[in-house]
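**Q** Here is what each chain is made of, one letter per residue.
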Amino acid sequence: SQQGEEDPQALSIQEGENATMNCSYKTSINNLQWYRQNSGRGLVHLILIRSNEREKHSGRLRVTLDTSKKSSSLLITASRAADTASYFCATPWSQGNLIFGKGTKLSVKP
Amino acid sequence: NAGVTQTPKFQVLKTGQSMTLQCAQDMNHEYMSWYRQDPGMGLRLIHYSVGAGITDQGEVPNGYNVSRSTTEDFPLRLLSAAPSQTSVYFCASSQGNEKLFFGSGTQLSVL
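In the order they appear, the protein sequences are chains A and B.
First residue of the first sequence? That's 1 in our numbering, and the numbers climb one at a time after it.
First residue of the second sequence? That's 1 in our numbering, and the numbers climb one at a time after it.
One chain only, chain A, in its complex shape (with noise of 0.2 Å):
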C-alpha cells in the first residue's frame, strides 16, 4: 500500500549532468518528503516541501510540487560521483510516521 511511486527505477547518467526523478503519490498530503539512501546505510532526510509551495531549493536541489497532479519531482544538479545512491519521496502517514515509496537508484559514473 505504498502512498508514492518512484520514477524511473534507475537511472545512469555521467558525472557533471542533471538527475530528474519523479514521484506520485495517491492521497491528499499536506508535505512531501526526499530521502537519500546510500548503499548499506540509513536514509538521510534531503529537503521536506508543504502543500502549499510549489517549488523548493536546497544547494543543488530542486523540488517540484504539483497538488493537482499528485506528483513531485527531484533535480540534482551538475551531478557528482558521490551523489549515487536511491532516492526515496515519502508522504505523512499517521502519527510521526511516513510511507516510501520504492525509490530511484541513481548511479552518477565519473
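No wet-lab data here; the hints were simulated from the structure.
Keep in mind the model is a prediction, meaning the values are calculated, not measured.
Virtual Cβ for every residue (Gly too), placed ideally from N, Cα, C.
Cut-off 27 Å, straight-line C-alpha distance, at most; resulting in silico cross-link-like pairs (DSS-like, lysine-lysine):
{"#": "1", "chain 1": "A", "residue 1": "Lys70", "chain 2": "A", "residue 2": "Lys105"}
{"#": "2", "chain 1": "A", "residue 1": "Lys105", "chain 2": "B", "residue 2": "Lys99"}
{"#": "3", "chain 1": "B", "residue 1": "Lys9", "chain 2": "A", "residue 2": "Lys105"}
{"#": "4", "chain 1": "A", "residue 1": "Lys102", "chain 2": "A", "residue 2": "Lys56"}
{"#": "5", "chain 1": "B", "residue 1": "Lys99", "chain 2": "A", "residue 2": "Lys56"}
{"#": "6", "chain 1": "A", "residue 1": "Lys69", "chain 2": "A", "residue 2": "Lys105"}
{"#": "7", "chain 1": "B", "residue 1": "Lys99", "chain 2": "A", "residue 2": "Lys70"}
{"#": "8", "chain 1": "A", "residue 1": "Lys69", "chain 2": "A", "residue 2": "Lys102"}
{"#": "9", "chain 1": "A", "residue 1": "Lys26", "chain 2": "A", "residue 2": "Lys69"}
{"#": "10", "chain 1": "A", "residue 1": "Lys102", "chain 2": "B", "residue 2": "Lys99"}
{"#": "11", "chain 1": "A", "residue 1": "Lys56", "chain 2": "A", "residue 2": "Lys70"}
{"#": "12", "chain 1": "A", "residue 1": "Lys56", "chain 2": "A", "residue 2": "Lys105"}
{"#": "13", "chain 1": "A", "residue 1": "Lys56", "chain 2": "A", "residue 2": "Lys26"}
{"#": "14", "chain 1": "A", "residue 1": "Lys26", "chain 2": "A", "residue 2": "Lys105"}
{"#": "15", "chain 1": "B", "residue 1": "Lys9", "chain 2": "A", "residue 2": "Lys102"}
{"#": "16", "chain 1": "A", "residue 1": "Lys70", "chain 2": "A", "residue 2": "Lys102"}
{"#": "17", "chain 1": "A", "residue 1": "Lys56", "chain 2": "A", "residue 2": "Lys69"}
{"#": "18", "chain 1": "B", "residue 1": "Lys99", "chain 2": "A", "residue 2": "Lys69"}
{"#": "19", "chain 1": "A", "residue 1": "Lys70", "chain 2": "A", "residue 2": "Lys26"}
{"#": "20", "chain 1": "A", "residue 1": "Lys26", "chain 2": "B", "residue 2": "Lys99"}
{"#": "21", "chain 1": "B", "residue 1": "Lys99", "chain 2": "B", "residue 2": "Lys9"}
{"#": "22", "chain 1": "A", "residue 1": "Lys102", "chain 2": "A", "residue 2": "Lys26"}
Pair by pair, the computed Cβ-Cβ distance ranges are:
{"#": "23", "chain 1": "A", "residue 1": "Asn30", "chain 2": "B", "residue 2": "Pro61", "range": "22 to 28 Å"}
{"#": "24", "chain 1": "A", "residue 1": "Gly40", "chain 2": "B", "residue 2": "Ser69", "range": "27 to 33 Å"}
{"#": "25", "chain 1": "A", "residue 1": "Ser24", "chain 2": "B", "residue 2": "Ser67", "range": "32 to 38 Å"}
{"#": "26", "chain 1": "B", "residue 1": "Met41", "chain 2": "A", "residue 2": "Glu55", "range": "27 to 33 Å"}
{"#": "27", "chain 1": "A", "residue 1": "Arg80", "chain 2": "B", "residue 2": "Gly96", "range": "28 to 34 Å"}
{"#": "28", "chain 1": "A", "residue 1": "Thr64", "chain 2": "B", "residue 2": "Ser80", "range": "43 to 49 Å"}
{"#": "29", "chain 1": "B", "residue 1": "Thr20", "chain 2": "A", "residue 2": "Ser68", "range": "44 to 50 Å"}
{"#": "30", "chain 1": "B", "residue 1": "Ser104", "chain 2": "A", "residue 2": "Asp7", "range": "23 to 29 Å"}
{"#": "31", "chain 1": "A", "residue 1": "Asn18", "chain 2": "B", "residue 2": "Asp73", "range": "41 to 47 Å"}
{"#": "32", "chain 1": "A", "residue 1": "Ser68", "chain 2": "B", "residue 2": "Arg77", "range": "41 to 47 Å"}
{"#": "33", "chain 1": "B", "residue 1": "Ser69", "chain 2": "A", "residue 2": "Ser24", "range": "38 to 44 Å"}
{"#": "34", "chain 1": "B", "residue 1": "Thr20", "chain 2": "A", "residue 2": "Glu55", "range": "43 to 49 Å"}
{"#": "35", "chain 1": "A", "residue 1": "Lys26", "chain 2": "B", "residue 2": "Met27", "range": "27 to 33 Å"}
So these bits of chain A aren't anywhere near chain B, every CB distance computed over 10 Å:
{"#": "36", "residue": "Asp7"}
{"#": "37", "residue": "Thr77"}
{"#": "38", "residue": "Ala82"}
Put chain B on the given structure of chain A with help from the hints.
**A** Just chain B now, kept in the frame of chain A:
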C-alpha cells in the same frame, strides 16, 4: 552526536528463534518507528510509538512486538523468527512527521 543507534548491525537466526533488535535515540524525540526494507519493496512500516507507553501497528506488524518504556528506547522483538522476516530493519525517530532520523540498520537473516 549519536542520533539513532541500532544494534546489532548483523544477525543470523534459525527459524523459531527469538531476538530483540535494539534502538535508542538521544534527541528527545517523541516519535519512534520501525521499518523493514526488502529488495524492490521500499520501506514498510512495522510498528510505531508516539511517546513512552504508547505504541501502534503499521503496515506489516505480524510477527513483531514492540514496547516503549522510555523516551529513548524502542526495541523490536521477534518472538519466533521466520524466513519471511529476513530483511534489513531500520529504526527512525522524529518530533513529528516532518523529518525522520534513521539508524544505520540491522541486517537480519533467518535460516
